[in-house]
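*Asks:* Here is how the chains run, residue by residue.
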Amino acid sequence: MNPILTTKNLSFRYRNDEPLFENIQFSIRSGTLTALIGPNGSGKSTLLRLLSGTITKTDGTILLNNKPIDLFPVRERIQKIAFLPQNIFPIFPLTVFEIVAMGRFPRKPILTRLNPKDYEIIEQCMNIMNLKPLENRLYSELSGGECKRTLIASILAQEPEVLLLDEPLAGLDLPHQIETLQHLHELTKKSYTVVIASHEINMVTRFAEEFILLSSNHRIIAHGNAENTLTTDNLSKAYNASFWVGTHPLTKGLLIEIKQEKNS
Amino acid sequence: MKQGHNTTILIICISIFLILIPLSIFTGYEPISPLRLFRAIQQNDPTHSALAIEIVLFHRIPRTLITILVGTALSIGGVTFQALLRNPLATPYTLGTSSFASLGAYIAYLGMNSFLSFIPNKYIPLSHLFAFFFAIGEVLLILILIKTRPKLSATLLLLCGITLGMLANAFISILRYWATPDKLVFMERWWFGSTQVLGYRSLITVSIVSIPAFFLLWSYSSALDQYTFDTEIAQARGVNIAKLQTHLFIIVSVLTAVIVAETGPIGFVGLIVPHATRYFVGSSHRRVFPYSAFIGGSFLLFCDILARKLFTTEIPIGIITTLIGVPAFLYILFGKNFKEWMT
Chain A
81 MNPILTTKNL SFRYRNDEPL FENIQFSIRS GTLTALIGPN GSGKSTLLRL LSGTITKTDG
141 TILLNNKPID LFPVRERIQK IAFLPQNIFP IFPLTVFEIV AMGRFPRKPI LTRLNPKDYE
201 IIEQCMNIMN LKPLENRLYS ELSGGECKRT LIASILAQEP EVLLLDEPLA GLDLPHQIET
261 LQHLHELTKK SYTVVIASHE INMVTRFAEE FILLSSNHRI IAHGNAENTL TTDNLSKAYN
321 ASFWVGTHPL TKGLLIEIKQ EKNS
Chain B
870 MKQGHNTTIL IICISIFLIL IPLSIFTGYE PISPLRLFRA IQQNDPTHSA LAIEIVLFHR
930 IPRTLITILV GTALSIGGVT FQALLRNPLA TPYTLGTSSF ASLGAYIAYL GMNSFLSFIP
990 NKYIPLSHLF AFFFAIGEVL LILILIKTRP KLSATLLLLC GITLGMLANA FISILRYWAT
1050 PDKLVFMERW WFGSTQVLGY RSLITVSIVS IPAFFLLWSY SSALDQYTFD TEIAQARGVN
1110 IAKLQTHLFI IVSVLTAVIV AETGPIGFVG LIVPHATRYF VGSSHRRVFP YSAFIGGSFL
1170 LFCDILARKL FTTEIPIGII TTLIGVPAFL YILFGKNFKE WMT
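Quick note, the sequences are listed as chains A and B, same order.
Going by the working numbering, the first sequence opens with residue 81, and the numbers climb by one from there.
Going by the working numbering, the second sequence opens with residue 870, and the numbers climb by one from there.
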């Protein structure tokens, strides 16, 4: 499959700071679920922000459909790439419907109202995430899982090609993690490309096809399928800790555990 | 929010205006009933009818209209600043514009017949002129200050504005300390705020600024929804945060400068009306702007009628807005829907 997002010699540093990324290269294949794995502070969020365009790279190129992303008009770019930050901070109460409807923003010319087609898409997105019964509930009154579903529905309403999600599993219990991943996995079958950053390695390996492993010093250690990427060696390098990688007795997938350090 | 619900609120708003406007025109120190006005117009006798017609035409009507506009402007200013500063306690005065306007007015009062008498003040009172230019001066100062920072944040803007406001208040204290009792009376009057106007100059000035400002702010509704939901998502959806913040800050500051220059710092409208509006129609700015304009305009007009009617002598409108505003605000805060609007 062709790459939808490619970075070449991507470098980035926050203003007046040490460089965070230097010459990062990878490509994300269209229609896959890719997981960014790595320790805290390895730059997973920053990488997603760079791809989403909310922060600007210092150097290098990001290609979207083989065309430098800078050459896209802003409006076209934001219609193709949707980004969901890890935490959001709404200040006023909004209903689930209103939040999903807000996803139409990049698609609507200024000063236009929602038309029947918009309502249809909002409806569809709510149905995909099973939100119809919660339509008129306030976001502040939802559970953690319902919040995540609402937010994912909201960015789906943007009709993007690529969804970048920062820690979509954080704060969710096991069934909801599975449910969210299932939803995301199904989206890839509908030709969406999904990139997530996550700490839930074992959960993610059950659904993601591609893995990008980042190390604590902001380098890409490995990139590829689970078996070749998430090896004991690679994980140890990335996290500066010893890992044990085996086969899950029930799912036959990967099972990754950290080795308990001896008390000295 | 369902369509039927919207229509109900709209009908209520319009009927409130239809009651309040005539009430305002026939309320005041000089008793003018609709009958007296009707007779005065019919008689066409310059000696007898002149007073009633003149009072209605040059006092009551402009006063009624300017009160509505000021209520509207302060409310939409409050809506915008609460969103812009991402702070439910913000008002159009939060960033110090009104303090600087007051400082300007006080300097004008002090120097009116002495060191400032060289400035022509035939068309616009000196205090209004000074209030406006001091307020605009502060806005420019904030703009210069925030340009030195690489990234503009709501908190930075908030702290910058509050600090400058304190500075203006310190100067105000000095001026009040120096002022002679006859000047202090002027200052007190200014401080309370009043929509008592003579003729149409103030009304025209306020209209020229507040009507375009309303439509301009309204056009930012969707972007403001995104911005108040989450700044990062807003950015990923193509909202230029820095540009939005700067535009809104300038629009509301100029609006506030003109309003305060013409009527003094009338308090509380800009804080309570936005919250009351969200309580009724939800948080979507596309609805909040027009409805807060309606509610703000009618609320201030209602307060102005009370200010004229409540006691034998007129009391400042700013006191009434607070007297009514505080219990109403507390009701919303501690009423049954508290959880709904405070996240």
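Derived from the structure by calculation, the hints contain no laboratory data.
Think of the CB as a built atom: it goes at the ideal place given N, C-alpha and C, for glycine as much as any other residue.
A portion of the hints provided could be inaccurate.
Per the computed footprint, the stretches of chain B lying under chain A, defined by three or more beta-carbons under 8 Å from a beta-carbon of chain A, are [unchecked claim]:
#1 1099–1106
#2 1188–1199
Some but not every residue of chain A turned toward chain B, in silico, with C-beta under 8 Å [what the hints assert, rightly or not]:
#3 Tyr94
#4 Arg95
#5 Thr136
#6 Leu151
#7 Ala162
#8 Pro170
#9 Leu174
#10 Phe185
#11 Leu191
#12 Leu194
#13 Asn195
#14 Lys317
#15 Ala321
*Asks:* Hint by hint, note whether the structure agrees.
*Replies:* Structure-based check of all given hints:
1. Counting residues of the stretch 1099–1106 of chain B whose CB lies closer than 8 Å to any CB of chain A gives 7, so the stated coverage by that chain holds, three being the minimum.
2. Look at the stretch 1188–1199 of chain B against chain A: 0 of its residues bring a Cβ nearer than 8 Å to a Cβ of that chain, fewer than three, so the hint is violated.
3. For the restraint placing tyrosine 94(A) at the interface with chain B, the shortest Cβ-Cβ distance is roughly 10 Å, beyond the 8 Å limit, so the hint is violated.
4. Nearest Cβ of chain B to the Cβ of arginine 95(A): about 6 Å, under the 8 Å cut. The hint holds.
5. Using the Cβ-Cβ criterion of 8 Å, the hint placing threonine 136(A) at the interface with chain B is not satisfied: the shortest such distance is roughly 11 Å.
6. At about 16 Å, the closest approach between the beta carbon of leucine 151(A) and any beta carbon in chain B exceeds 8 Å, and the interface hint on this residue is violated.
7. Annotation: interface hint on alanine 162(A) holds; nearest CB of chain B at approximately 7 Å, less than 8 Å.
8. A least Cβ separation of about 5 Å between proline 170(A) and chain B falls short of the 8 Å threshold, and the interface hint therefore holds.
9. Given hint, leucine 174(A) at the interface with chain B, holds; its Cβ is 6 Å from that chain's nearest Cβ, closer than 8 Å.
10. Taken as an interface hint, phenylalanine 185(A) checks out: its beta carbon lies about 5 Å from the nearest beta carbon of chain B, inside 8 Å.
11. Of the supplied interface hints, the one on leucine 191(A) holds, with its beta-carbon coming within about 6 Å of a beta-carbon of chain B, less than 8 Å.
12. The closest approach between the C-beta of leucine 194(A) and any C-beta of chain B is roughly 10 Å, which is over the 8 Å cut-off, so the hint fails.
13. Interface restraint check: asparagine 195(A) against chain B, minimum CB-CB distance 14 Å, threshold 8 Å, status violated.
14. Taken as an interface hint, lysine 317(A) does not check out: its beta carbon lies about 31 Å from the nearest beta carbon of chain B, beyond 8 Å.
15. For alanine 321(A), the interface hint is violated, since its Cβ never comes within 8 Å of a Cβ in chain B; the closest pair sits about 31 Å apart.
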